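**Q** All chains, please: the whole structure from these sequences, using the hints.
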Amino acid sequence: MLGIGSGMAAAALANGGFPMIQTAAAQDDSGDPVIGGKLIMSLADRDVDTFDPIISTFNMSIWTSLLIYDQLVRVGPDGTSIEPGLAETWSHSDDGLTYTFSLRDTTFHDGSPVTADDVVYSLDRALTSETSTWRSLISVVDTMTAVDDKTVEIKLSDVWAPFEADLAFVAFSIFPQAALESQGDDFFQHPIGSGPFQFDTWEKETRIVLKRNETYWEEGKPYLDELEFRVLTDTNARMLQFQGGELDIVTSVPYSQLEALGANPEIVVLEEASARIDYIGMNTKRAPWDDKTLRQAINYAVDKQTIIDRVLFGNGEVATSYLPLMAGHDYDSPGYPFDLDKAKELVAQSAGKDGFKAEFIIPSGDTFSDQVGQLVAAQLAEIGGEVTLVALESGARTQKVRTDLDYDWQKGYYSTDIIDPDQLTQFAVYTDGGSKAIYTQYENPEVNEKIQAAARELDPDARQELYDQIQQMHLDDAPMIFLVYPTGGAAMSTKVKNFRILPTGNYRLWETWKEE
Amino acid sequence: MIAYVARRLLYMIPVLFMISIFIFFLLRLVPGDPAAVILGDKATDQAIEALRKELSLDKPLTTQYVTFIKNAMSGDLGDSIRLNQPVTTIMLQRIVPTLFLTVYATLLAMLIAVPLATIGALNQGKWPDFIVRAFTMIAIAMPSFWIGVMLLQFFAVKLRLLPVGGFGHGFLGHTESLLLPALALALSISSVLIRNLRTALLDTLDADFIRTARAKGLSARNVYIGHALRTSLLSTITILGVNVAYLVGGAAVTETIFAIPGVGQLIVQAIFDRDYPIIQGATLVFGLLVLCINLITDLSYAFLDPRVKYS
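Here the protein sequences line up with chains A and B, keeping their order. The first sequence begins at 1 in the working numbering and counts up by one. The second sequence begins at 1 in the working numbering and counts up by one.
Because the hints were derived from the structure by calculation, they are not lab data. Source: prediction; values computed, not measured. Accuracy of the hints is not assured; some may be wrong.
To be verified - Keeping only pairs whose Cα atoms sit at most 25 Å apart, straight-line, the calculated BS3-like set for lysine-lysine is:
| id | chain 1 | residue 1 | chain 2 | residue 2 |
| --- | --- | --- | --- | --- |
| 1 | B | K59 | B | K70 |
| 2 | A | K495 | B | K158 |
| 3 | A | K400 | B | K53 |
**A** Printed below as a string of C-alpha cells:
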C-alpha cells in the first residue's frame, strides 16, 4: 500500500512497504456528509496537560493537539501511510539525506500566512528547546533552510528511514512564529495553528471546545461546526453521560460493558483501537529475573487467551512480540503459546527451580490490571511462582519503577505515536532509548545494533527483515511477559458517521459528520 | 461579641501555620517525583532534570518551605505545576461549584430533616414515626456516591429529566445541574440530623418550659416553632457544622461521579500528579473553610439560644 497524491514516492518510504493492517470500519459510511452540528466526546484518561506539543507525552494532549495544528505531513486514513499536510509535495535526494518540502498556500487561525520561516522556526524549537521531550526523535536533522517563502529544505546527518513518519507527529507541529514569540508561554493557553479546528475554550479539567476552521485548506472540511471534549476520568461518570445522551462518542469503555452497549440499536461499538500492547515488565538486572530460562518458563506458563476471554471479554489478541499490530509487526512470530509442560521443564533448569517470589506492581484503581494480576498469579503458582500484587498509584509507581529501578515486575502498556516501528523499538527495546527498555534494563548488544541499522535501512523488505529479527531475538530473551493487544473500547451514537480511530490513537474528526 | 470574633479570627493564624508545615513536609515524604510524574513515561531524563530545576525541587526542603510561606503570606500560593496557572486563580474558580454544592446540600438536608423529625417527634410510636425511622435507617446505610449513581440512572439516564452531571451555566443552570448531587449528599446527612433532632425534640417537648408555654395559652404551632424547635436545633446545628466541614472536604467522590469541576476533584487529581502547590494551597483553603464553619456554628448558638453569650 503506497501513499496517495504527490507524496507517493516518499510515502512508500515512510510506510516501509509494511503489510497494511485492516482496521475494520465498524460503521456505515454511506450517505452524504451533513454540514454543521456539534460533536461531544470524552477525554477519558485526563485533561490535556498542555497544548505545547514539544512538552506533552500524554495521549489526550497529543490527540487533541493534532486537530488544532498541522504538520508537514500526516497519517493517512488507512493508518499506515503518510499523506500531505502543510507540505503539498515533497521529495528527497537519492542518498536520502536532503528533503525538500513545498508548502501549500494557507493561513493560520489568526489569519497570517503559513511560511517556510514558520516551519523552520517550529521544527527548530522542537529540536533545540530545553523543554522539548521529543528532541531525540528527529535528532538526525542537521540543517533546515527556508529556500523561499514556500520551500523548506532539510538536510539530515544520516539516513533516517522513519523521518517522514516522525514528521507527522504532533511535536513537529507548525506554529505562527510571530504570535508564539510575542506571547511566549501564554500562547499555549489559547493555541493557534492551521489545522482543521481552531481553539475556542479551555475550562481546565472540565472541557475543551474547538470550532471549525473556516479557511481550512482541505476543501469543504471539516463538516462539524464544533467539537467539545469533556474531561471524564471516572468510568461511572463517563458511561452515565454517554447513556444519558450527553456524549456522542465515549472512549475507554469497560470491556465488561461493550457487549451490552452493542446490543443497543442506537449505539455502535468501535472495533478499532490504537496500536497498543499490555505487558508485564521484568527487572532483568535483578535476580532471579536475570535468568533468561526462568523468564521464558514464565512466559509459557501464562495463558493469555484466558486473559482475553475473561478480562477483555474477547476484545483482543494474544501478544506475540513487543510491537503491537502495526507496521513492522512480525505476523509470523510464534510468541509464547500457553504450554504448561514446557514451562515446568524450563523452570526446572532455571534459577527458579526451587520456587520463586515476585512482587508485582500494578496501577492502583485499575480493574483491568488487577484482574490480569490475579490471573497471572494463579497461573504461575502452577510452576512454583509466588506472586504478590502491590497496587501503587502513579507517583509512587514512577518512583519505584522509573527513578529507583527497585522492583521485580510491573504491569504496563504502551501505544505508538507514529506509524513507523522505530519509535516503539527505541522506547521498549533499545537499551539507551531513554526509558532503559521500559525499565526492564534489557541489554542485548546485537539487538541494539540491529535497531540502529533498521532505522537507517531504506529498502522496505530489508528493513522488515531486520525488524523481524529484532522481534525474534527480543522474544527469545523475554524481558517481559507478552500479554495482549487489546482492541475496541470506544462506542458512539449511530448519528455519528465516518469516525474511526487510527493506529496512532488519534481521529480524523474533520472527516466526521453527525446526522440529525 | 465583636471582640470574640476578632479573637477567634486571630487564633486561626497559628492553626493555619501548623497546617502549612504539616502538609508541606508530609507531602514530601510521599514517594514520587512531581517532574517525572508530570512529564510521563516517555519523557527523557534530561527533560525531567530540567523541570526539577525550573520548579526549584533541587533546592533544600527548608529553603523551599521558607519561599512557600513567605509568598503565601503575601497571598501568592505559587503556580500549579500541572495547570500552569496561579493556585489562587485556580482555587477561586474551583471553589465556586464546591461551595454551591455544599450550601445546596446543607439547605436540602435541613429541608428534609426538620419536617421529617417533626413528624416523627409529634407522632412518637405511631406509624408515621416508624416510617421516618425506617427512612433514616435506609438513608444511613447507603453511601452517598451510590445514592448519586442511582439518582443519575433514574432521573437523568432513564427519564432524562435532569442533566447528567456538570455544573451548568448561570444560577438556574447550577441549581438544575447540582440538584441530584446535592440531593445525594443531603439524603445521607439528613438521616443523622433527623435522628438527632427527633430525639432532641422528644426531650424538649417533655420539658417544663414547654408545659408553661402551653399553659399560658400559646398555640401549638407557636409552642413548637418558637420554643421546642428552636431549643432542639442547638445540638443538631453542632452535628450539621461537623457534617458541612466534612462535606467541603469529602465532596470529591460526589464531584467525580457527577463530573462537577470542584475543589474535590482538583485535589484528588493533584495528589496523583504530585502537584505540590495545588495540594498545599487547597489544604490551606480547606483548613480556613473548616475554621470558618466552626466559627459560624458557634455564633449560631447565640442566635438560637439567648442564654448563650460570647464575650
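**Q** It remains to establish, for every hint, whether it holds in the given structure.
**A** Evaluated hints:
no.	hint	verdict
1	K59/B / K70/B	holds, 16 Å
2	K495/A / K158/B	holds, 20 Å
3	K400/A / K53/B	holds, 21 Å
In summary, this structure violates none of the numbered hints.
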